[in-house]
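*Asks:* Listed in order, the protein sequences are those of chains H and A.
Under this note's numbering, residues 890 to 1011 are what the first sequence spells out, in order.
Under this note's numbering, residues 848 to 1501 are what the second sequence spells out, in order.
Treat the hints as calculated values from the structure; they're not laboratory data.
Computed from a prediction, not measured in an experiment: that's the story for all the values here.
Virtual Cβ for every residue (Gly too), placed ideally from N, Cα, C.
Possibly wrong hints are sitting among the right ones.
Just some of the chain A residues that point at chain H, by a computed CB distance under 8 Å [claimed, not checked]: (1) PHE947; (2) VAL1088; (3) ALA1249; (4) GLY1251.
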Amino acid sequence: MTRWIPPMIAFAASALVSVSALAHAFLDRAVPSVGATVAQAPAEVTLWFTEPLEPAFSGVAVTKAAGERVDTGTATIDPKDRQELHVPLKLLPSGDYKVSWHVVSVDTHPTQGTFTFDVGGK
Amino acid sequence: MEGLLITARAVHFASVISLNGVLAFECLVAAPAFLAAGASEAATAALRRRLRFLAWLSLAFALVSGAAWLVAVAATISGEPLAAVLSQGTLRVVLIDTRFGEDWLLRLACAVVIAALLAARRESLQRVDPSIRWVGLILATLLLASLAWAGHGAATAGAAGNLHLAGDVLHLAAAGTWLGTLLPFALLLGEAHRGGEACWQTVARAATRRFSVVAIVSVVALLAGGMVNTWFLAGTVPALVGTEYGQLLLSKISLFVAMVVVASVNLLRLTPRLTGAAASQATGQLRRNALIEATLGYAVVAIVALLGILPPGLQTQPGWPFPFRFDFAALSIGAGIAVAILAALIFVCCVGAVAAAAGRYRITAGLAAGLALCSAAAWAPLRGAVKHAYPTSFYAPAQPYAAGSVVRGASIYAADCAACHGASGKGDGPAAAGLPIRPANLTEAQLFAHTPGELFWWVSHGRANAAMPGFADVLKPSRRWDVINFIRARAAGVQSGAVGSTLATEATAPVPDFAFEVCGTQTTLGQMLERGPLLLVLYEPPAPVARLEELAAGQPRLAAAGLRVVAVKLGDASDGDEAAPAVVVHVSRRVDKSLALFRAPGSNESELMLDRSGNVRLRWTASNLAPPDRLVAEAERVARAPLPHKAMPVTSTN
């Protein structure tokens, strides 16, 4: 029996680090920030999520209040960090904008959400 | 679609665990036991045929359910109906372009090789070459453990993610080795129970001894890993008892405990009897208990299938089911000691359960009595920490504690709350005189003794004092959170007025987060605070140019000491600030209004030193500003000062 003790301890110890990540990707932060007012029109929106994403099934639409798309339609996931999504924008005039994101985390859970930001609101 | 996904997950987990279990049982238990008992080929043929059948059945179910899982995932993540997924090439994209797909292709390859090995064994009439058995077991373990890449562990990035993944892999392997081997073990005991050749009693004894070792190793690994997992995914007591995820997790743990109790009975009471006169009866009981354990275990698997698609407890609002809560901050003992006491109590309960399983009822009774006595004695000091609670007590604010929300809350407050609570929040509004009791003063430190969730309950449903009405029908939940953010920010501002130029040991409440631009790049207060303490300078025109320039010039030294400086101009933003010193940042009107809550009355400049949680720890006004040397010294002390518990995370409103 005693010869089983060291492998048992090793096995139990390694199981202690068995920490699963959270299952669903949520928005961690964004630039421009959620609800922020920015003085200069940003060239892109960057979103950071709480988990790595699947590029094939993740996307973002940025729209003006009237519903017109103002992003160039080519949201890309940062090749160095799969949690970071870049959305290039057209030249934005002052006004309120809505960012609608729908993403799939690498553990296949879809999530979505929206936030707004405001350009030149002084 | 969810139904298909959950069913596919449940069947797949169960069948892969079963496949892994059969192969593990052959390698670790059956083959050595046959050898030890000197059982002949002919005597064991029937059992080996049954085990082979179970392996093939498990593999077939694993393939079908794996395919169903893939289709369900493709439909879920693409948002397309099933028919479209099957006809329009979505499956191909999922298989080739996602990590889940890569994992599935690898696992399919694994399954094919296992099938080939099983088929090869069927041809051979001789005793199977042990190395083929071990290769089969390794592949089956890979097939099971690689489920971790399709699960939560895969979603953590970096080195921590690899550790999580390794942990998940071991957790799955341990589950497969224990739960999977139970059914084969019951088959073996059934064969032994039926009698047959004389060697079977020896086989049963040897197999039981080996199985016990395998089971104990697996249970220890499962228990340790499971406890840590629970802590990280459900995290807090409210998340555990108040969310669907947490409750399912609790039922999973209960089933697991029931399995361990049955296993203890097997190990401590039935196994010793295998050598005695009642050996045959004990074998029968062992077999029955193994089947009960397996049933409980596969129920756990069904729960796991469901858990994997729910958002974890920490990401949902927990509904608190009890009318009271414990406020550990009100206790004199630290949280670490409380956890240690709790762990000791759980350990005593476990020892008691094992003693009961072994039939040592006196020890059990003694432990139970001691536990009851300790609980009674512990009640007196604990009673002070019991507070009234509401279903929303542990809700996390659904709006971030930030300038935008605070300013929205301010205008709602002015319209709906100021009549009674007063424009300044001191409970002295014009309508207050006509009320049976005086409205609460919302600027006192007492406000922070209540959780945001409790304030949310009162704003939503009023209080049973015939004065405070509920606003659930008037304001959307997000607007109610705005009001709460405003009230908390204003109270934080009023309380910070008591902070002076000596370090406040008690944290007040944090400054609301805000976004600003430095040299065209956007950042937030929260992001700056992650790097250390911060000096927030609030001033009104005319700008204290000399001071701002002193701070700007001292910035390299302050930054070296870990202190960042952010200066914000309050009030009218229209005058040109092109020549403003480098410490001045550009903010919107909303931020300006929110920060004005922290302005020192009667001074056109205030400087607040914030700790990493955003609490005001030091405060200077225009008349007694600190020289840069002093700021450096204070920043080092603030950085060392203990922080209050972390603010509750903001829950996504999606």
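*Asks:* Compare the structure with each hint and give your call.
*Replies:* Results for each hint:
Here the hint on A/PHE947 is kept, as its CB sits about 5 Å from the closest CB of chain H, short of 8 Å. Restraint check, A/VAL1088 versus chain H: the minimum CB separation of about 19 Å is more than 8 Å; hint violated. Below 8 Å, beta-carbon pairs count as interface contacts, and A/ALA1249 has one with chain H at about 7 Å; its hint therefore holds. The beta carbon of A/GLY1251 is positioned within 8 Å of a beta carbon in chain H (closest approach about 4 Å), and the interface hint is therefore held.
Of the numbered hints stated above, the single one contradicted by the structure is hint 2.
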